[in-house]
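Chemist: As given, the protein sequences belong to chains A and B, one line each in that order. Take the first sequence: its letter number 201 is residue 200 in numbering that gives the first Met the number 0, and every next letter is one higher. Take the second sequence: its letter number 165 is residue 164 in numbering that gives the first Met the number 0, and every next letter is one higher.
Note that these hints are calculated values from the structure, not bench results. Predicted, not measured: the structure shown is a model, and the values here were computed from it. The beta carbon of each residue, even a glycine, is placed where N, CA and C say it ideally should be. Hints are not guaranteed to be accurate.
Here chain B is said to cover these stretches of chain A; the calculated rule only asks that three of the stretch's residues, wherever they fall, bring their Cβ under 8 Å from a Cβ of chain B [stated by the list, open to error]: (1) 194-206; (2) 247-255; (3) 261-275.
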Amino acid sequence: MALNADVAGAQERAPVADLEVRGGHTPWQRFRRSPLAMTGLVLCGLLILVAAFGPFLAPHNPYTQFQNGLTLEGAPVPPGKLFPLGTDPNGRDVLSRLLYGTRVSLGIAIFANLISIAIATVLGSLAGYFGGVVDTLVMRLTDVLQSVPVLLLAGFAATVFRPSITIIILIIAFVAWYYPARVIRGEVLALRHRDFVQSARAMGASNGRILLKHVVPQVSGLIAVYATLNFSYTILFTSALSFIGIGVQPPTPDWGNMIAQGSEYMTAAPWLMIFPGIALGLAVLGFNLLGDGLRDAYDPRSR
Amino acid sequence: MRLLSTLRRPATYVAAAGLTLAMVGGSAAAHGAVKRAIPNGGTATVTFQSDFNTLDPALSTDVYSNSVIHALFVNLVEFEPGGKIVPWAASSWTVAPNGLTYTFHIKPGIQFTDGEPVNAQAFAYGIERVLNPATKSPGSNYFLDVVGAPQFAAGKAKTVSGISTPNASTIVFHLIKPERVFIDYVGLQYGDAVPAKAVTKEGANFAHQPVGDGPFMLQTWVPGQKLVIVKNPKYFDKAQAAHLNSVVFQIGGQSEVSLLKAEQGQVDVLGDLIPPADFASVDSNPKWKPYVNLDPIAADEFIYFDEGKAPFNNMDVREAAYWAIDQSRILQLVAGQGAPTGQIIPPGVPGHDSSIPNTFKQNVALAKQLLVKAGYKAGTGPAATFWVFNTAPGPVLAQAIQQELDQVGFKITIKSVPFSTLVSQITQIPNVQFGIIGWVSQYPDPVSSISSMFETARIKAGTDLADYNNAAVNAQLVKADALAINKAVPLYEAAQKTILSNYPWVPLYNQVEANFVNPRLGGFSQDDSYWFDYANWYIK
């Protein structure tokens, strides 16, 4: 008994170092060598800093509708000394709203992303590991849900439930897990037949233990990569929901509803669309670069 | 009793000095005027951001649906710009000296597009249908002064005894008491004749597949996308037939995109007027001078409170909300277009009281005091949902109003919905706490401007948006409705003062419509009765 347990323990510990040794460098070193990956890291870092500390840097309260925030004819004020990025049609400072809005938009996207990755990990691992009926059920479910136009589904959900931040997060989480789930399933499927899993099974480890202690840690790198890549989807989707009016409700600022309001003023006050648009673009670019960089760093073979 | 409803979305207006109800709208070619050789043919395109609510004359309350209904259906009489009433399907009519009997003689040979005759029975059917409780018409109150109508509307009689059709070309209305504006009602959408066979066959679908007798007929309606009306070859009056072959309504586009299309000549008329965001630049650009039409109309923009439910059933809460509002900011937000008003009856309509100041100054301290008086802790107030239409300038105004109210302690949530949804929600009484809307007086009579919104009977009909229910005021208004106009005006003025002192509304401004019309389109005008009269339009 004691001998067998020791052997089993030794076997269980073996494979973890696999990926790290490959290529001869640590993932961080590989990551650091790529200028695009570092750019992504910097961008994401900046955005997270803005989300965390931006509200303290904001020159004004984002909800205050200033008397001098509108011209005499009632039009928004262009960028200038008092309002560095101009004002919106209600006379509110665009820069302050952008800084607060970053927290709202990123916050929703991050939480939604975490929940959707959790769902993707659970479903993908179960499908890949057990195969058979479980795999078929999960994958067909994914197929069916993926074929439903997401904005329609979100729109429907938004009419049934009153749009609060929580509901928005849940709606986005519910539609963002399909692709990561497939990828995770594929990877787990490949791992299922590897030696360390076979031996753990032979040693009598339960399925749950194998999944939790062996399989998931092996794909954790992959999960991190796709969590990052998925982020650009969730941030875009957050903004899309707000743009069509079922996401974050005014007066709470959020990139999507700022762009939506700005679209009415495309010719008369272009700064209303430009700045939140740039913020959104930078966020998507940053997380995509970071995600690509992570993927290349963990597994340069997949390049 | 009567209901005159025309709900409209507000738009942006130019502050016209000395705004009078000069409904001499532009180049309107009125029916009956001498016409030069006007070219026939062609198609005009109109853009609308929101879809039409209904094409059933018995169910319509908004100006946009009414404009198309006026093209599809015929009344016994119609309005000329300026409010004068002239014969249409009726060749003539007489009113008994005691004002209790109206006899209309109907022209022969008028038909619906499905072949059914437009005769006395058809008009009787149309009006009875409006009174029929099963139809749930918002106009049901209009004809309650006809003998037998109250019993019919209560389900106690099978027909309206006061409507008689001695022969196919004569229809007679007997009234319970004289009603000054009965003739106006006959000219509104609720007075249209409708084809009994088609209505019975289509049921509720008649609103989307109407069968009419007007200068146009419906060709297609793809909800949310497109509506097309085409010239009706069977229209009875060849001399007054439509000039255009068709009018195409493009529904659902963003207003800025529609403006770009209009500037490039791809569409002829912006149904939602010049977008507020672009008015300043469009108006100051000499290139668009031939396109911009400024039309004053008798209309109010106001915030209404539902006095029938919390929290606005408490007058102190209503008054607190009133003083929290910054009227000058609202006017600034609609780009300074629109003349401020402090009352219900618009200028130009008898009963408009020039002694009532047009502006009021925001008083935050008083608002807060009133909330304390209403029982709220200092600095706090009730929560409420504010309903607004989702096209410009609705959301911008709503956010300003929200902030002004939150500042004194209210907790306001904005509910922004498409205009047609808003109309159905606010005319169903229990659904809305307060909101902002515009109201057009379809004809220049205080019945349209004030009685229709503050008489008790209008609550059930849905146009007493404030659920205003004051027996004394109701009696005053009802009495005034029966008198000749010069005797009625003092009563209306007194009633208006009482109403205003109860704060059912926050009156904001009167409107001037800033239309953008391609100069190739002739015959364009805007009026309160029909909004756009498509039968007058032609391509130059």
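Chemist: If you count the residues of the stretch 261-275 of chain A with a beta-carbon closer than 8 Å to a beta-carbon of chain B, do you get 3 or more?
Modeler: It holds, with 7 qualifying residues against the three required.
Chemist: Okay, the stretch 247-255 of chain A and chain B, do three or more residues pass the C-beta test at under 8 Å?
Modeler: Result for this restraint: holds, n = 3.
Chemist: Using C-beta distances, would you say chain B covers the stretch 194-206 of chain A, given that this needs three or more residues below 8 Å?
Modeler: violated (count 0)
In this structure, only the earlier hint numbered 1 is contradicted, and the remaining ones agree with it.
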